[in-house]
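Colleague: Sequence:
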Amino acid sequence: MPIQDELATVIRKARYYPELIPFFHAQNLAAGDNPIITLGSPTISTDIPVLVDKLSATPDANVLLKLKADKPAHKLETVGLDVMGELTPLEALATRSLSLVLNADAIANNYKMYLGIWVLKPSIAQRILWGLPLTPGHEELSRKRGVRGAVAKGILPFPTSYQIERESMGFKQTYAEIVANVTSGQATQIVVLSLPESSPEFLVLESVTADNTDLTLANNAQIYVTRDDDTNYLKLPAFPMDSAYDFPAFIPALRKLEISYYADADLTDRYVRFT
1 MPIQDELATV IRKARYYPEL IPFFHAQNLA AGDNPIITLG SPTISTDIPV
51 LVDKLSATPD ANVLLKLKAD KPAHKLETVG LDVMGELTPL EALATRSLSL
101 VLNADAIANN YKMYLGIWVL KPSIAQRILW GLPLTPGHEE LSRKRGVRGA
151 VAKGILPFPT SYQIERESMG FKQTYAEIVA NVTSGQATQI VVLSLPESSP
201 EFLVLESVTA DNTDLTLANN AQIYVTRDDD TNYLKLPAFP MDSAYDFPAF
251 IPALRKLEIS YYADADLTDR YVRFT
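Numbering (the numbering used here), first residue to last: 1 to 275.
Some hints here could point you the wrong way.
Computed list of lysine-lysine pairs in DSBU-like fashion (alpha-carbon distance at most 35 Å, straight line) [what the hints assert, rightly or not]:
#1 K75 / K144
#2 K172 / K121
#3 K235 / K71
#4 K13 / K172
#5 K144 / K71
#6 K153 / K112
#7 K256 / K75
#8 K54 / K112
#9 K66 / K121
#10 K235 / K75
#11 K256 / K71
#12 K54 / K153
#13 K153 / K75
#14 K54 / K13
#15 K75 / K121
#16 K13 / K75
#17 K66 / K13
#18 K144 / K121
The set of hints was computed from the structure by calculation and includes no laboratory data.
Model the full assembly from the supplied sequences, consistent with the hints where possible.
Modeller: Below, the structure is given as structure tokens:
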């Protein structure tokens, strides 16, 4: 399945908003434009927009990153980026369309990148700030609670990080490091975290990374993440990762988080880390 189709499927399956999808990609770039992402309606909309958050990519004087969210276009000379793994802010809201193109002046092999993509269900305050349409119910609630005034004063909306912190008060964080052997063509289960059906708690995948030493594109090494009943909800290529860095994610689960490792080759002593 093309990478943009996989991403569209993940966005449509988001259910516990907000979710931060860690989008990893690696490929051999041809000279000229290399389209990576092309998304539109109904995958993204004013009701379920996406917010591009942070970027990490291979610094390369020959590669230009072109991101277009709705009408605004952003161009970034990747040579100005730090090493792959260091995060660069690149905030852009998409309510109708999102496209990402890597333009190369010359062939660039094994080009790697990470892009954080928030999938949101906007609050009334966010709708007002971003100029999104309000229903009559939104308008009435906004009037009763003075939301427009709070937005004008900069009090609302809360930053996503603060919203998450408030909703996740009292949480316990688990920092796990695992080394596994992988059999070609089989998904090797690394860990399963589960909660009882009646539990008031929930689970969240907050970051993920893996060692890419000796990996190649041909290995097709991937970290699979199953969330509740969404089997292999995420398929994250390990080749663009770097164990020196933790790549942000925010994937909530009510009952189960399962992490597995898949590859098209036998691999030994593969290091994976997550929180």
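Colleague: Now tell me, hint by hint, if it's right for this structure.
Modeller: A quick look at each hint next to the structure:
no. : hint        : verdict
1   : K75 / K144  : violated, 42 Å
2   : K172 / K121 : holds, 25 Å
3   : K235 / K71  : holds, 29 Å
4   : K13 / K172  : holds, 26 Å
5   : K144 / K71  : holds, 33 Å
6   : K153 / K112 : violated, 41 Å
7   : K256 / K75  : violated, 39 Å
8   : K54 / K112  : holds, 14 Å
9   : K66 / K121  : holds, 26 Å
10  : K235 / K75  : holds, 27 Å
11  : K256 / K71  : violated, 39 Å
12  : K54 / K153  : holds, 26 Å
13  : K153 / K75  : holds, 31 Å
14  : K54 / K13   : holds, 21 Å
15  : K75 / K121  : holds, 27 Å
16  : K13 / K75   : holds, 29 Å
17  : K66 / K13   : holds, 26 Å
18  : K144 / K121 : holds, 21 Å
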